[in-house]
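**Q** Given the coordinates of chain S, work out where chain Z should sit on it, guided by the hints.
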Amino acid sequence: MSANWWQLTRIVAGREIVERARAKSFWVASVLLLVAVAAGVLIPALLHGTRSAARVGVVGGPAAALAQTVREAGRISGTTVTIVPMPDVAAAKARLRSGTLAAVLVGDSAVLVKQQALGGSGSPGATLGGALSEVGGLQRLYAELPPGAAASIGRNGIALPVRGLTPPPRGLTSRITGLAAAILIYVIILTYGIRITIGVGEEKSSRVVEVLLTTLRPTQLLAGKVIGMGSLALAQIVVLVGTYYALGYAVGSSAVRGAAGGVVLAGALWLLLGYMFYCTAYAAAGSLITRQADAYNATLPLQLPLLLGYVLAYTVVYSSNVSWFYHLLGFIPFTAPVVMPVLVAVGAAPAWQLALSVAITLASTVAMARLAGKIYERAILRTGSRLRFRQVLRSTS
Amino acid sequence: MGAGVLELNGLRRRFGAVMALDGLTFTVPPGQVFGFLGPNGAGKTTAMRAIAGVAAVDSGEVRWNGELIDQAARSRIGYMPEERGLYPAMKVTEQLTYLARLHGLSTPRARAAAEQWSERLGISGRGQAKIEALSLGNQQRVQLAAALVHDPELLVLDEPFAGLDPAGVDAMSEVLAERAAAGVTMLFSSHQLDLVEHLCESVAIIHRGRLVAHGKVADLGQSGTLRVSVQVAGDETGRWARDLGDIAQVEKITAGTVVLVLRDRADAGAVLDRARAAGPVEQFGFVRRKLSEVFRDAVGSEVTMGPGEQDNGGLAATGTRGSSA
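Residue numbers (the numbering used here), protein chains in the order written: chain S, 1 to 397; chain Z, 1001 to 1325.
Chain S on its own, in the form it takes in the complex (with noise of 0.2 Å):
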């Protein structure tokens, strides 16, 4: 690999990026996925990320007191608390049944609804006022205790802690982002390696390959071909994860925060692999074939294994087992790009997992790499029908 070696595919690859992105279909895909990603974020923010709102009326003292009890009832609830101090209770009521106020705190003896709950919490009023009953309940508790032991139960807290003796399962938005990843990594692997398959089938058939060949070794074609659309996709991840965390933050959606965050990661951290992975046997395709239309049937293999790993996601995003059969497919490096993502969505890959997959995959990549270099070097000069992947093989030049 000699200086002259890389600047020849330097230059290849340039081409690969200037065409493409001159493509009108590349910036329409683009824009789709950029969409799709930011739907995926801003959607369920919207749906849930809004947190209710209610007016609470005071009554009686002490003020500060009472406001704090409030406050407190709200955060426990997830409701925004406004306090509004009324003059009397009869007042209190009227607000009450006109709907303007949705509890009243009357001093530290009672909290008032428009309607007591038929037993569990179904409406943010109900669950506002029996926060606001408890706390104040508590509140009077503290007042009879000594001194010390008030402060003791600050401390510690009143509820017993619960230890499970699995970790909890991960939240649904972490599996619904994996699975959501799963989709994009198997779209993007499928666009750009057939954008490649048909690149590739493009100079062999418009016997262009016969002029460049002349001065170019067809392993600095290939890889030319692979790294400039390689970067392309790259650029797209860069673009899509930077999106998706940015609007995230911005918004303030759980789908950044915590678990969801790292699937996002570990999916794009796949792309790539799955890219590396993928992008010769795509190329080597494309050398088999002579026509376009030939594209998809020659690649149809190539899509099986990831389209097998995104289907079974589903059953996996939405149970709470996780079949050794999806963990074995994980360490397959045909269908781990899809896989492994989600098992980190599920909290089903422990790092040892990650760090075997990828180093498999990695292997299995340079092992892909030399044999489709093979078969693109036997198959890419020679014109006629389509060809056999074990034709090819067994021939020479």
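Treat the hints with caution; some may be incorrect.
[Said to hold, decoys possible] Straight line, CA to CA, 20 Å or less: simulated EDC-like cross-link-like pairs of lysine to aspartate or glutamate:
no., chain 1, residue 1, chain 2, residue 2
1, Z, Lys1290, Z, Asp1194
2, S, Lys93, S, Asp108
3, Z, Lys1290, Z, Asp1235
4, Z, Lys1290, Z, Glu1251
5, Z, Lys1091, S, Glu202
6, Z, Lys1252, Z, Asp1235
7, S, Lys24, Z, Glu1132
8, Z, Lys1216, Z, Glu1119
9, S, Lys24, Z, Asp1297
10, Z, Lys1130, S, Glu202
11, S, Lys24, S, Glu202
12, S, Lys114, S, Asp88
13, Z, Lys1091, Z, Glu1132
14, Z, Lys1091, S, Glu19
15, Z, Lys1216, Z, Asp1194
16, Z, Lys1252, Z, Asp1264
17, Z, Lys1130, Z, Glu1119
18, Z, Lys1130, S, Glu19
Hints are computed from structural coordinates only; laboratory data are not their basis.
**A** Coordinates of chain Z only, in the frame set by chain S:
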């Protein structure tokens, strides 16, 4: 062999039952317009692909400047493949610039060369057009520009005249002559024998993968059977030549001009004596064979040019091929 000489030594290539190249050997000297002739399937394209490095041979070698041709040497080749090859959706100037850069030119030099050759070949107005939007003739000009844009030292052109209109043929001929004068070594194949005769200094004729004739066009025309053309005043039907059976045979008589094929070892002077005896001789001269005749003799009568074949018949000297597909 010295600088600029292209040597083909014993090239062999078999495709299944077909022997495409069967020990093909000849040399191409630098600075000559050198034609490469042969009927369809003779192995011309296979030989040229082998020189360009896009087809393997089973045995034999190609030497350039006395050394085995390698990747570095091949970047100094300008190659025009038979089935043409350009990116259909790429713009003309960009495509030429790209190819020049792949042959080692810096970007500014590559662009300058692309523009220079576009101008030279009369396509400078179409620099921003995509190849697929050009007429076939103009695509052909771009293809030639693609072969020339890096100022190659060796030109290998497979049927460069196919598909060109007369103006294109003139432009192509001019460029080839100019490149040869500049010392470039050149090998181009053609079916248009009249054109080749007019343009080429030397030719190689191959048949069934083997060389059957090789040399300067002028020398080849004088080899083989000797012909003379004689006109005797007042003898419009060539009656005087009827009894020449022992020294020559009448080939044709046109308006009193008799073309005779001399018997082996016969003396042209004897013919002249007979003509003088018949009357005043108005014209007497040797007839040089046309290249098409040399070709016909060389490849033999078994060569047939079926209408179903892709190219026009090898002996159809003026036909142009419509499509390169």
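**Q** Within 20 Å, alpha carbon to alpha carbon, are Lys1130/Z and Glu1119/Z?
**A** holds, 17 Å
**Q** Would the hint linking Lys1290/Z and Asp1194/Z be met if the CA-CA limit is 20 Å?
**A** Holds. Lys1290/Z to Asp1194/Z sits at ~8 Å (cutoff 20 Å).
**Q** Hint check: Lys24/S vs Glu1132/Z, CA-CA at most 20 Å. Holds or violated?
**A** Answer holds: Lys24/S to Glu1132/Z is near 18 Å, not above 20 Å.
**Q** Sort out whether Glu202/S lies within 20 Å of Lys1091/Z, counting only the CA atoms.
**A** holds, 16 Å
**Q** Taken at face value, is the distance from the CA of Glu19/S to the CA of Lys1130/Z at most 20 Å?
**A** OK: Lys1130/Z and Glu19/S at ~12 Å, within 20 Å.
**Q** Measure nothing beyond the straight line between the CA atoms of Lys93/S and Asp108/S; if it is 20 Å or shorter, mark the hint as holding.
**A** Within the cut-off at roughly 17 Å; holds.
**Q** Need the status of pair Lys1252/Z, Asp1264/Z: alpha-carbon distance at most 20 Å?
**A** Distance of about 19 Å is within 20 Å: holds.
**Q** Measure nothing beyond the straight line between the CA atoms of Lys24/S and Glu202/S; if it is 20 Å or shorter, mark the hint as holding.
**A** holds, 18 Å
**Q** Between Lys1290/Z and Glu1251/Z, does the CA-CA distance stay at or below 20 Å?
**A** Holds: Lys1290/Z and Glu1251/Z sit about 15 Å apart, inside 20 Å.
**Q** Check the hint pairing Lys1216/Z with Asp1194/Z against an upper bound of 20 Å on the C-alpha distance.
**A** It holds: about 15 Å lies between the C-alpha atoms, which stays within 20 Å.
**Q** With a cut-off of 20 Å on the C-alpha distance, tell me whether Lys1216/Z and Glu1119/Z pass.
**A** Since the Cα atoms of Lys1216/Z and Glu1119/Z sit roughly 33 Å apart, the hinted pair is violated (cutoff 20 Å).
**Q** Tell me if the straight-line CA distance from Lys1091/Z to Glu19/S falls inside 20 Å.
**A** holds, 10 Å
Hint check: violations occur at hints 3, 8, 9; the rest are consistent with the structure.
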